[in-house]
Each structure stands twice: as structure tokens, then as C-alpha cells.
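Engineer: As they're listed, the protein sequences go chains A and B. Count along the first sequence from 1, add 308, and you get the number used in the numbering used here. Count along the second sequence from 1, add 132, and you get the number used in the numbering used here.
Don't read these hints as lab results, they were simulated from the structure. One thing to keep in mind: the hints can contain errors.
DSS-like, lysine-lysine: derived pairs with alpha carbons at most 27 Å apart [to be verified]:
hint, chain 1, residue 1, chain 2, residue 2
1, B, Lys286, B, Lys343
2, A, Lys495, B, Lys318
3, A, Lys495, B, Lys343
4, B, Lys230, B, Lys327
5, B, Lys327, B, Lys343
6, B, Lys219, B, Lys186
7, B, Lys232, B, Lys318
8, B, Lys219, B, Lys339
9, B, Lys343, A, Lys482
10, B, Lys343, B, Lys294
11, B, Lys343, B, Lys319
12, A, Lys482, A, Lys495
13, B, Lys232, B, Lys286
14, B, Lys230, B, Lys186
15, B, Lys186, A, Lys482
16, B, Lys319, B, Lys232
17, A, Lys482, B, Lys232
18, B, Lys339, B, Lys319
19, B, Lys232, B, Lys343
20, B, Lys286, B, Lys327
21, A, Lys495, B, Lys294
22, B, Lys286, A, Lys495
23, B, Lys294, B, Lys327
24, A, Lys482, B, Lys294
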Amino acid sequence: MASARFETRRLTSDAMFGVCAACAAVIVTLLLLVSGYLVFIGAGAINLSFFTDVPTGDVAQPGGMRHAIEGTLILLALAAAIGVPLGVASGVYLSEYSHEWLFASPMRFIADVLTGVPSIVVGILGYELVVVPVSRWTSNSVSFSGYAGAAALAFIMIPIVARTTEEMLRLVPKTYREGSLALGASKAQTVLRVVLPSAFGSISTGIMLAIARVAGETAPLLFTALGSRLLTRDPSEPFPSLTLQIYTYATGPYPEQKNLAWAGILVLLAILFVVNLLIRVVASRHAATRMGKS
Amino acid sequence: MPASMTHPHSHPQPGSDSRSDARPEARPEVAVRAPSALPRGGPASAYPIIDAIKRGETPTPRIHDSVRAEPVILAVNNFQLWYGQSKALHGITMPVAKGKVTALIGPSGCGKSTLLRSVNRLNDLIEGVRVEGSIDLNGNSVYARGVDVIDLRKRLGMVFQKPNPFPMSIFENVVYALRISGERNKKALADACEKALRQAALWDEVKDRLKASAMGLSGGQQQRLCIARAIVSEPEVLLLDEPCSALDPIATLRIEELIHEISSRYTVLIVTHNMQQAARVSDYTAFMYLGRLVEYGRTADLFQVPQLRETEDYVTGRFG
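Kindly generate the complete structure, drawing on both the sequences and the hints.
Structural biologist: Now the structure itself:
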């Protein structure tokens, strides 16, 4: 009967809608629970001294996390300073030059694999490639440093930035390149003056995504930056970071330090939130300027 | 010209066919002939040259004496081009007259755009392109070993099918060619910008918003901007690759008037699939077919008294 079949179809459709809606509801509830719990526990430990004080060494009055917040921001800046130029340059190579030269597809494949490498592996790599050689060179016992930590973070950023840059440059219309070359521009001038600027918005989105990705990393820093209780701005020393400090406090025995860890997590999430918000703003601005095109 | 007449390639773009309706009064110099009383179509043997070309031969093109009498700025000599295995241009030999507008016409795939892009070696960008023969620009070989392609392209200007302003300000678009040559002098840049925009008949529309993004201009304005950008460094030849195919009839009209105006200063080589446009804007017309030059002469002659039946039937829309 046609009406019976119609009934079945309607039921199937309703059931599918129900399942999807239920799944979505579960996910959103979980997210809200996690962030609500974080705010509930973490907010209690956040006060002015959290942002202005450094660890005291007294477990009952552990002080604040100023050193770790600053440390994380400096580490991110250093990592971006190393990772962004290398990543963007690799992306330009892959998109603009590789067809005239070798290595394009192996490089692309390696970049894709590197994107998925567990971050603890990157930490060990940083230890072996930066910490150990620097220790030998300076005859220190072990030279953990902020530079080593930044290098490890940069290593995670490079493949992400490179692949995003490549994809975004490929989206730049061929007519821009032809137009520029036909006016007597060299290839380098074409890339620097026309191709890269017209993909600027989407590339910066990719860069910020990469920064957001490494902002929450702990494992790569364990064997490289090591962490520090001191307020230091010298990246050649063992260097503090929010994630490392959270790790240390959260795995320790003292309840006051555990509270600080909760607060640290909240601050870290806030930083990620701001970065993601920035990404959205840049992306929508970029979309708006593109609109004027047609 | 009868308003109902359409040329044989019914392209969907608004800028091509609908033109004749939008503008009943064509420039009087040359009118496209309406089909005469001759029977439509006719047996294939009516076109011995086309048949020979289809068999893979390269018949000698019919080049009028009027062309040979002109001073030459661009000399194409037995030029051949292959895309990988397939040959796109067969022994093209044609002088291009200095200070005139020369149009390349022919059905799709006849190689007219390929020939145009060979002049500034833009085909070099395509993998697997191979050429033989020569093109000389004012006596300097374009394809000789050791030619600096960048210097060569600085001597030519090019405008593409779709307007392609760069995503930067109007001013920066116009002076791009000067910037990449290292011009830093602000006064010189501003003067050159104004001059080029005036020549491109765009100055009055954009003089108050030179700093605004070129992306905000209309399609027709963008194309005139591209023309300004192409003439800012006073090229020896201006190459136009179907510059109106993406434009509406009114924008097309303005571009055609513009071509007419700048032809007093520059040599123009224009590819068009719109024969009426060729008739309106050009002094000389070359008819190409399957990578061969078929007939080449004064536009008035080619459209009114062509020497070949093939050309006559093509320009009147009976074949092609």
C-alpha cells in the first residue's frame, strides 16, 4: 500500500532526525559540562595575584602563574617567528615552483605525515636535535631552553602552515599570475606582489590555526623547555609555560597547587578562545574583501 | 546592417551577439555584409582551401598587397607551435602593420589566442609547448636564444578575456608595471597613472578613489583599468585577447571606442570571435582556420571584397 510505505518513510525520517539530534545534544551537553566545570572550579582560584605573582615555593601559598602565562606567549611568538617563514616559504615552493623542480610530491607527503606525528615524538626530536647538541657545544650538563621548546613547537607548525599556504595559493586565479607576468614582472615579483598578498587573509587564518594548535601542547616542551618556576625572559634558560606548569601542579600532591592548575587551564582555554575568535574575524574580513570581486 | 543578423558563433556571453541590437548604428566605415542571394551551405568542395587544411595541408595564405605595403612592427615568420604532440599553429607568416589595429578572427580553436600569446611568450608557462620559426618585434627576435623574456614582456602590453585587476588599489594596479621596473618617484608614478587612466577613458570615474580597491569597480571599468595598466609603460604593441567577451553591450561599446582612440598611439593586435567587432575596430583583419592563416588584408577588403570564397562565406556567416 502506498500510504503504508509513506508511513514507513516518514517514521524512518523521523527516527534519523531523532538520532542525529540526540547525538548533537550529547556532544553539546558534554562540551558545556566540561567548560562549566572548568569555570566553576578554576574561576575560584583566579585573582589578581594569579596574573601578577610567581611561584613562592610555599605549598600552602603557591603564588601565581605570571611566569607561565608570559612564558607561553613568548614561546608562541618564538615558535611563530621560526615556523611561519619556513612554513610559508615551503608552501610557496610547493605551489609556485615545485613543477619546475623536484621533490614536490615527496615533500607534500612528508608534510602530511608530519602533521599527524604524535607531539611527544616531536619533543624527543627537539631533545636530540637541539638540547643534546647545544649541551655538548656549551659543555653544560643539559641545556634545556626556551629556544629548544620554540623549535619543537615550530616543528609542529611548519607542515600545517606549509600545506595551508600551498592550498590557499592554488586558489589564487591563474589570471593574476598571467596578468603580472605579461606586464614584465619576474616570477619572484609576481609571487611577492600579487599572489601572496591576494591570499594574505586565508594564509593568516592558517597561521593562527597552527598557533592555536601548538598553544595547548605539553609533550613537545617536556624534554625541551622543561619548565621553570622563575619569571624569566631569557629563552636560553629552562623556560616556563602554562601547559608545563599545569602538568606539574596537577600531578603534584598539594590541593592549593591543584587549584592553580585549574585556573591555569581556564586561562589557557581563554587564550585559545581569543585566538579562534581572531581567526573568525580575519576569515570573515577576507571573505568580505573577496566579495567585491564579482 | 540588418538588426536581425547574427554571426555564426552564438556565444552565450552578453557582450557578443546582443550588441547589434543594442546599437543599431554601427561605425559607418565597414559594415558586415549580409548573406547574399547565394545558396546557403553548398557542397564541401566549394571550399578547396578549407578541405586542404582539414586534410592536414598548409596552403599558402592569401595576403593582400595592402598589408605588404605597410611598415611592419611585428613580423611572424613560418611560425609553428605544438602543445605536446598536437600542433596548434602551422607555418604562420604574417606582418603586423605599425600603428594600426589588426584583428585575428576565426572559429574557436583556430589558434588565434595561441598566436597572440606567442608574441609575448606567455605560452612558455604551459608545459610541453614547443615552437619553430620566428617572431620579430621591431627587428628584435622574440624567440632567439638568450632573449630576456621579462624585458620582452615589458615592451608589450596585454589585456585578457576576463578583467583581471589585482586585489590592490586602483592606483597600484595602474602603476604596477612601473613599480616592478623599480620606479619610486611618487610624482612620476602619479603622473603616469593619470595619463594612463585618461587614455583608458577611466580617469573621471576613478580620480577621487584611486586608493580604493580595484575589485569594487564594475566589469567594464575593470577592463578599462586593465587597459590602463597595459599602456602605462607605453608598449610597442598592445595585445588584446577577446577583451569584451565577458562584458555587457554598453561596456563593450566603450572598450571598442577606447580601442579606436588608443589606436592613434599604439599598435593593437586584437583577437575576437565577434566579426562585427573586428569590422568596427580594426584596420586589418586576418582570418585563421585550424592553426593556419587563410586570408589577411585590409578589414574593408576582407569583409567587402574578400579574395577567397572561404573568407567570404565565413564573414557572412554561411560557414564556420
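Engineer: Each hint needs a verdict: does it hold in this structure or not?
Structural biologist: A quick look at each hint next to the structure:
1. B:Lys286 - B:Lys343: Since the Cα atoms of Lys286 of chain B and Lys343 of chain B sit roughly 25 Å apart, the hinted pair holds (cutoff 27 Å).
2. A:Lys495 - B:Lys318: holds, 25 Å
3. A:Lys495 - B:Lys343: Holds, because 26 Å separates the two Cα atoms, which is no more than 27 Å.
4. B:Lys230 - B:Lys327: OK: Lys230 of chain B and Lys327 of chain B at ~22 Å, within 27 Å.
5. B:Lys327 - B:Lys343: Measuring from Cα to Cα gives roughly 17 Å; hence the hint holds.
6. B:Lys219 - B:Lys186: Given pair Lys219 of chain B, Lys186 of chain B holds - Cα atoms ~13 Å apart, limit 27 Å.
7. B:Lys232 - B:Lys318: violated, 33 Å
8. B:Lys219 - B:Lys339: violated, 47 Å
9. B:Lys343 - A:Lys482: Holds: Lys343 of chain B and Lys482 of chain A sit about 25 Å apart, inside 27 Å.
10. B:Lys343 - B:Lys294: holds, 23 Å
11. B:Lys343 - B:Lys319: holds, 16 Å
12. A:Lys482 - A:Lys495: The given pair, whose Cα atoms are some 13 Å apart, holds under the 27 Å limit.
13. B:Lys232 - B:Lys286: This hinted pair holds, its Cα atoms lying about 20 Å apart.
14. B:Lys230 - B:Lys186: violated, 33 Å
15. B:Lys186 - A:Lys482: violated, 33 Å
16. B:Lys319 - B:Lys232: At roughly 32 Å apart (the allowed maximum being 27 Å), Lys232 of chain B and Lys319 of chain B break the hint.
17. A:Lys482 - B:Lys232: It is violated: about 30 Å lies between the C-alpha atoms, which goes past 27 Å.
18. B:Lys339 - B:Lys319: Holds: Lys339 of chain B and Lys319 of chain B sit about 16 Å apart, inside 27 Å.
19. B:Lys232 - B:Lys343: Given pair Lys232 of chain B, Lys343 of chain B is violated - Cα atoms ~34 Å apart, limit 27 Å.
20. B:Lys286 - B:Lys327: OK: Lys286 of chain B and Lys327 of chain B at ~18 Å, within 27 Å.
21. A:Lys495 - B:Lys294: holds, 21 Å
22. B:Lys286 - A:Lys495: Distance ~14 Å between Lys286 of chain B and Lys495 of chain A Cα, so the pair holds.
23. B:Lys294 - B:Lys327: OK: Lys294 of chain B and Lys327 of chain B at ~24 Å, within 27 Å.
24. A:Lys482 - B:Lys294: Distance ~11 Å between Lys482 of chain A and Lys294 of chain B Cα, so the pair holds.
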